[in-house]
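*Asks:* Protein chains in written order, with the working numbering: chain A, 1 to 358; chain B, 1001 to 1288.
Take every hint as true, because none was put in to throw you off.
Straight line, CA to CA, 25 Å or less: simulated SDA-like cross-link-like pairs of lysine to any residue:
hint, chain 1, residue 1, chain 2, residue 2
1, B, Lys1119, B, Thr1148
2, B, Lys1186, A, Tyr123
3, B, Lys1119, A, Ala294
4, A, Lys159, A, Ala249
5, A, Lys242, A, Arg168
6, A, Lys322, B, Pro1093
7, B, Lys1186, A, Arg310
8, A, Lys159, A, Ala96
9, A, Lys242, B, Ser1217
10, B, Lys1119, B, Leu1141
11, B, Lys1119, A, Asp248
12, B, Lys1186, A, Gly121
Quick caveat, the hints were computed from the structure, so don't treat them as lab data.
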Amino acid sequence: MSATANYTVVRFSTPSRIAAVAAIVILIVLACAPLWAGRADMRLLSELFLYMALASLWNLLAGYAGLVSVGQQAFVGFGGYCLFGLTIFFGLSPLAAVPIAGLAGALVSVPVAVLIFRLRGAYFAIGTWVIAEVFRLTAAQVSSLGGGSGTSLPVAIVKSIADSRAMREATTYWMALGIVLLVLVLVCVLLRSRRGIALTAIRDNELASQSLGIDIWRAKFFVYVITGGLTAAVGALIFLQKLRISPDAAFSVNDWTAFVIFIVVIGGIGTIEGPIIGTIIFFLLRETLADLGALYLMILGLVAIVIMLRAPKGIWGFVRQKTGFDLFALSRRVIATHPDRRGNNTDNKENAHEPQAT
Amino acid sequence: MDWVNAVIQGILLGGLYALFAAGLSLIFGVMRLVNIAHGDLIVLAAFLGLTVTTTLGINPLLSIAIVAPFMGLLGYGLQRLVLNRTLGDDILPPLLVTFGLSVIIQNGLLELYSADPQKMSAGAIETASVGLPGGLNIGVLPMLMFATAVVVIGVLQWIFYRSAWGRAFRATSDNQDIAQLMGLNKSHVFGLAMALALVVVAIAGIFLGVRTSFDPSAGPGRLIFGFEAVIIGGLGNLWGTLVGGIILGVCQNIGAQINPGWQLLAGHIAFLVILAIRPRGLFPRIDG
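Next comes chain A alone, as it looks inside the complex (with noise of 0.2 Å):
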């Protein structure tokens, strides 16, 4: 024990303590962009919060929990049908139906899960792509939500939100702003915890991790369920933006599944920062190249290529092994506590345990 003691362990750095400071300051810029931004801003903000939202639980998924699902749309398309079917059959407020639509998605991933972790690596992906056919095929059967050809959000039930255009449009920017800022703080707080380091652990060696006493398929259906909730209370938020859903807007794999998965490998799997990186890399690329049409689709899909087999790890990947920053107070630091270096930890960023992901 006497080797320990004249050692600490931190979390926080330097870059991490004036990153918490900026977010906070954003945070609050962003609560207020009814005030200062116009519509169609905040229309695109809006977007861009659950494109994050999206992209940060299947970061979740596949960066830390090994889960490569390629059928996440599943889940966007059922919270979206969850919450007109709330609204419309019940007469649930939509601000209610959200969170409902959440527990109702992570209600339904339970059997999905069970079923689905039969299978291993790439065929679980592909596994979870015929989930979301099945549930596509099965909204289209949906007669009285339209169909196949879809349905719109009745009048009264938009209208049930609040009384002004403004407020209803401030209304859905601020569910969108909360539910990124609710996954962020989730995932933060999820990775924090006992279950988060095991789930870094499985990240960068499973064979090792099962051999430490963790009990894999359990942690996996933890984060699957998780993430599953989550991702159908974003996919109602998205329904409620649009107003208008079908079973091939609902459950698109290009929407919800591609340009989530592009969004992550090029910010940075694995890492919490990435997914926030990615979706604003996105979403200029997109504002800037989106005329090209097709031709934008393939420099996306050329990009991620390009970065999986050069720089695997993301373009924050890239960042924190040239500087070794955290943005993001998750790995632990070992700090020599000699009373003359206490607290200058910028020249201990080699003990930074964490981010040695495989």
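Guided by the hints, dock chain B onto chain A, whose structure is given.
*Replies:* Frame of chain A; chain B shown alone:
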């Protein structure tokens, strides 16, 4: 009689699904790679067949002679230049790279051929049929496709278990490092396996294009059918993929007989039921 007819048509359709699946099964067996772009490559082959057919004015079934070698070369190049770099212990790179390829192929086809559905016409053979007792008629073309599927799988089986190539495939599949020590170049072996898989993809693509209309977004659906046939039949078993394809085809046709909207759903549900009761498929040869 409708039901008997549905089952017979389903069995014949299963041959086409087995062709979708055989390539997937082969490359998984040799290098444990699951190619998400597999369905898009099938659609690419169909579009190539369309171009060859319209420029040369030949029967689409003959265009296989041009499209198959081209797809084989493409497969070899793709494997050596891109996919070999992704292979390793981590499953993420091959998945994401083939996913990226899938998006590139889909949108490339969209740019070149537009989103309009296309179809190739094989002439009189399309409507020819053989009468059976009981008023059943079986199309000549579906029978030809089924027979081709049986022959293709028989040939693949022969290559895999009886030829020098097959020996190299099996050796590399069992242990890459020792295969290298024995003088096999694994990059080359993988390239050959992918070339062979894409020759099968070319045949599948042309048949797809003759049988139904296709458009640039049709790929993922074909991937899923092929994948389901592979899993139902059991990983690594080529004849198993034929059985898997037949089960899938029959279930889809029975579903369609009950309600046209249930065709695809019935196939997926059959797959999920088999996954629930026999997670390793009906006749597994290797572990996933």
